[in-house]
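Taken in sequence, the protein lines are chains A and B. Heads up: the first sequence is residues 1 to 293, going by full-length UniProt numbering. Heads up: the second sequence is residues 1 to 306, going by full-length UniProt numbering.
Check each hint, because a few of them may be wrong.
[Said to hold, decoys possible] Cross-link-like lysine to aspartate or glutamate pairs, in silico, EDC-like; alpha carbons within 20 Å at most:
| hint | chain 1 | residue 1 | chain 2 | residue 2 |
| --- | --- | --- | --- | --- |
| 1 | B | Lys211 | A | Asp5 |
| 2 | A | Lys101 | B | Asp9 |
| 3 | A | Lys173 | B | Asp9 |
| 4 | A | Lys7 | B | Glu102 |
| 5 | B | Lys11 | A | Asp5 |
| 6 | B | Lys11 | A | Glu170 |
| 7 | A | Lys104 | B | Asp9 |
| 8 | A | Lys7 | B | Asp9 |
| 9 | B | Lys44 | B | Asp270 |
| 10 | A | Lys108 | B | Asp270 |
[What the hints assert, rightly or not] Chain A is nowhere near these chain B residues, computed Cβ spacing over 10 Å in every case:
| hint | residue |
| --- | --- |
| 11 | Asp9 |
| 12 | Pro160 |
| 13 | Ser161 |
| 14 | Met290 |
| 15 | Tyr299 |
| 16 | Asp300 |
[Claimed, not checked] Just a few of them, taken from the derived set where beta-carbon distance is under 8 Å, the chain B residues facing chain A:
| hint | residue |
| --- | --- |
| 17 | Leu16 |
| 18 | Pro34 |
| 19 | Ile38 |
| 20 | Thr96 |
| 21 | Gly104 |
| 22 | Gly105 |
| 23 | Ala115 |
| 24 | Leu116 |
| 25 | Ile122 |
| 26 | Val126 |
| 27 | Leu135 |
| 28 | Ile139 |
| 29 | Ala185 |
| 30 | Ile187 |
| 31 | Thr267 |
Honestly, the hints are just simulated from the structure, not real lab data. Note that beta-carbon positions come from the ideal geometry of N, C-alpha and C, so glycine has one too.
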Amino acid sequence: MKQLDRKIFSAIGYVSLIFLAVLCIIPFVLVVSSSLTDENTILTEGYQFIPTAFSTEAYSILFKFPQQMIHAYLVTIGVTITGTLLGLFLISMTAYALSRKDFKWRNKFSFFFFFTTLFNGGLVPWYLLIVNYLDMRDTPMALVLPMLLNVFYIIVMKSFMGSIPEAIVESAKIDGAGDFKIYLRLILPLSKPALATIGLFLALAYWNDWYHALLFVSNEDLMPLQYYLYKMLGNMDGMRKAMMGAGAVVTTSIPTESLKMAMTVVATGPILLVYPFIQKYFVQGLTIGAVKG
Amino acid sequence: MKVHTFWSDLKNYRVLLLMLLPAVAFFVLFAYIPMAGIIIAFKKYDYAGGIFGSAWNGLDNFRFFFESGDAWRVTRNTALYNIAFIVVNNVLQIFTAIMLFEVGGKWFRKITQSALFLPYFISWVVVGAIAYNLLNYDIGTVNALLRGIGLQPIDIYNTPSYWPYILVLVSAWKSLGYGTVMYLAAISGIDTEMYEAAEIDGANIFQRILKVTIPNLYPTIIILVLLAVGNIFRGDFGMFYNMVGNNGLLFSSTDVIDTFVFRSLITSNDIGMSAAAGVFQSVLGFVTIMTVNYAVRKYDKDRALF
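In isolation and in its complexed conformation, chain B is listed as follows:
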């Protein structure tokens, strides 16, 4: 009988291990080493000393971050935006997927789906240009239309209160096609016998959707929402940065942890506090994922992420 020692395994799997080597090296370098770099958050960073040579300063960076008043604002904004995105985007995507499934011929579906998917393919920079085109005070289309019908133009880029609506709308717009395809795939997978049975029982189309389609979508909804909830403290940097940029007038309603960390690092060069905010974000995110996953596991083991 052959004895499976560590060394004999190592020999057996040497090719497979070699094949894993580049990926392992990649994640050690770009993910695990930066995890160790978290200690910067507890240091007074200076370029000469680097990560390891700089002097410790305990929790000063965190204290500064929390006492500046930014911590609460950016955390609240990040969480609220993500909750709004999750609810609005998923409801809209499920609605659109059901409609696409039930209505129209082959060509209508094809053309509509292509149109809905289009925004997903363009970069956030282009979305930023489109927003500028629409929302600019002097020459934006929205204000041109308002002036055209005799109304006062609105100074959108100077008014924070419009931005939650604009950003939720833009997020819904860009992700509509992608999410719709996910849900459409799930709907196509529903056993047609269920629909036939509902039909025989005399269900009309609305009842059919409420009693058959939507309950059958629960697994997909749960998985997609779970993944999104895990990222609730992460902002979509590309979106916020291209829509708002460094427009400080809007920060009260648009600044999220990601844009705050970026600004502290690049613009104000406040490496210590930026790192502290980043650690705060990572820990919040980690705790959220673990809690949600634990809760789902308790409820239904198969539905959990891990």
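One chain only, chain A, in its complex shape:
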């Protein structure tokens, strides 16, 4: 009797999990196979799961004149590294001050930060501030600064640091260490799991960001990867120009459909490559957040 329940349940479980997992992966297979399909076949038969007419033309065009793509990569890498390191430093420093139980004004400051998640001025004043008053349009600052600090990350970091025994701070104080030194030498090394987690979240957010570029960047030299992809997907003429501008003598027509998919693959590639290695830390990090948050 009991065994039958188990069997029915397991059958439902396996079938639904496999179904969901396939559903999550299949779109990626589709994009990769489309990028490897001959353009004419796409135009007559549509995008397909298995390339009926295999072709690497899209990739060879893409890699013949890769300057713009490489440039977009470099912008993204630069923004991601700067934003993640600076963000981690500021988030952890803020969280440390807020986590100190002997700090009289910790709740007042916590509320000062928390309130910004309850109420905000909306897109317009924020946009005008950055564009008209701070004059950050078309500067790398516009891609790094607005995402630098996040209340949610500060709270997660604060609760992690709050679980570090107070005795450590007390004894360091007796030994004559200052507050900043305690943070740098003691708390930071002890907070590695939280730092790794928040760092991954920040890095992923910066890597995938296109919104701030959409709002603040019109200069092609400053286009991050995702925004470059967005531009190219929406504008085939722009793509042709980009290919020609890069020095291509275009005698034949450019395979725009398979090229779109090839660009998507190239822009997604690094995330998919590092993903299996960092997923473990994400799970640990989310667990920290779920338990403590």
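Once you've looked at the hints, dock chain B against the given chain A.
Frame of chain A, contents of chain B only:
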């Protein structure tokens, strides 16, 4: 005895205060100053005058927003989408987490979980490209399959009525892995003695899940739903913009407050009305959070957000 005056505190905590300074400056600049900028909503904005120099025009921006008929549409869409996302995503995530916990060996779980988490890692731009690949009228895979089995292709990008389903599906797809991990963590934290006790009482696996697992998930469910309800008037701009873009044919069923505000600001350059819509959104959001939090506090003080 030492007297704790404000000034002596200031001296005591000077290093900690200094450490807080960058973050305080950041939030003053990017959050509190824009709050003051709300006055734009009551002004007739011109670039020469800026935020403070422009002339007042009272509630005209709001009147325009409400009388245009857009207000009701975008507010309804935003709220309905978020309610659908909250219900569908959480049910699916809880189901998946329970299944992952109960079924399969180490490797099966590892591989399945990795697959489910994959969509979370890609940008909305890439999701937009995938959607185009699937849904395009001429060459999209869905229509290729329909043609293949002899059916009429469907013009998805010109038919608003499909989009609520598509967007709910995409939201579920992208957030499945993330939410599943949250719930899986909560399930792993359940005391195994409870399961053993249920087993001794003769509960089968279905009863065990209904009577032990799900009730133990309530705190996690409440917290996650609470956070989501607070954002019920905020749209996921990246999702809507990359899936729909500026396709006006679909606005009746896809336009949310965030895309409306963005369009009014960037495309039609209607700063006053855009700001008014933004204020409307912020106030609705604030009132919602406060109401929900108050209600939860009354019911159970420990479960409230603040």
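Going down the list of hints, with the structure as the test:
1. B:Lys211 with A:Asp5: Judged against 20 Å, a Cα distance of about 16 Å means the pair holds.
2. A:Lys101 with B:Asp9: 14 Å, holds
3. A:Lys173 with B:Asp9: Since the Cα atoms of lysine 173 (chain A) and aspartate 9 (chain B) sit roughly 17 Å apart, the hinted pair holds (cutoff 20 Å).
4. A:Lys7 with B:Glu102: 12 Å, holds
5. B:Lys11 with A:Asp5: Not OK: lysine 11 (chain B) and aspartate 5 (chain A) at ~68 Å, beyond 20 Å, violated.
6. B:Lys11 with A:Glu170: Holds, because 19 Å separates the two Cα atoms, which is no more than 20 Å.
7. A:Lys104 with B:Asp9: 8 Å, holds
8. A:Lys7 with B:Asp9: Not OK: lysine 7 (chain A) and aspartate 9 (chain B) at ~66 Å, beyond 20 Å, violated.
9. B:Lys44 with B:Asp270: 10 Å, holds
10. A:Lys108 with B:Asp270: 38 Å, violated
11. Asp9: Label violated. Min Cβ-Cβ 6 Å, cutoff 10 Å.
12. Pro160: Its Cβ never comes within 10 Å of chain A, the nearest being 20 Å, so this holds.
13. Ser161: 23 Å, holds
14. Met290: 8 Å, violated
15. Tyr299: 20 Å, holds
16. Asp300: Aspartate 300 (chain B) clear of chain A: closest Cβ-Cβ about 18 Å, beyond 10 Å.
17. Leu16: OK, holds: leucine 16 (chain B) within 8 Å of chain A, min 4 Å.
18. Pro34: 3 Å, holds
19. Ile38: 5 Å, holds
20. Thr96: OK, holds: threonine 96 (chain B) within 8 Å of chain A, min 6 Å.
21. Gly104: Hint holds; glycine 104 (chain B) Cβ to chain A Cβ min 7 Å, cut 8 Å.
22. Gly105: 11 Å, violated
23. Ala115: Because about 4 Å separates alanine 115 (chain B) from the closest Cβ in chain A, which is inside the 8 Å limit, the hint holds.
24. Leu116: 5 Å, holds
25. Ile122: Because about 6 Å separates isoleucine 122 (chain B) from the closest Cβ in chain A, which is inside the 8 Å limit, the hint holds.
26. Val126: 5 Å, holds
27. Leu135: 10 Å, violated
28. Ile139: 4 Å, holds
29. Ala185: 4 Å, holds
30. Ile187: 11 Å, violated
31. Thr267: Because about 12 Å separates threonine 267 (chain B) from the closest Cβ in chain A, which is outside the 8 Å limit, the hint is violated.
Comparing the model with each numbered hint stated earlier shows that hints 5, 8, 10, 11, 14, 22, 27, 30, 31 do not hold.
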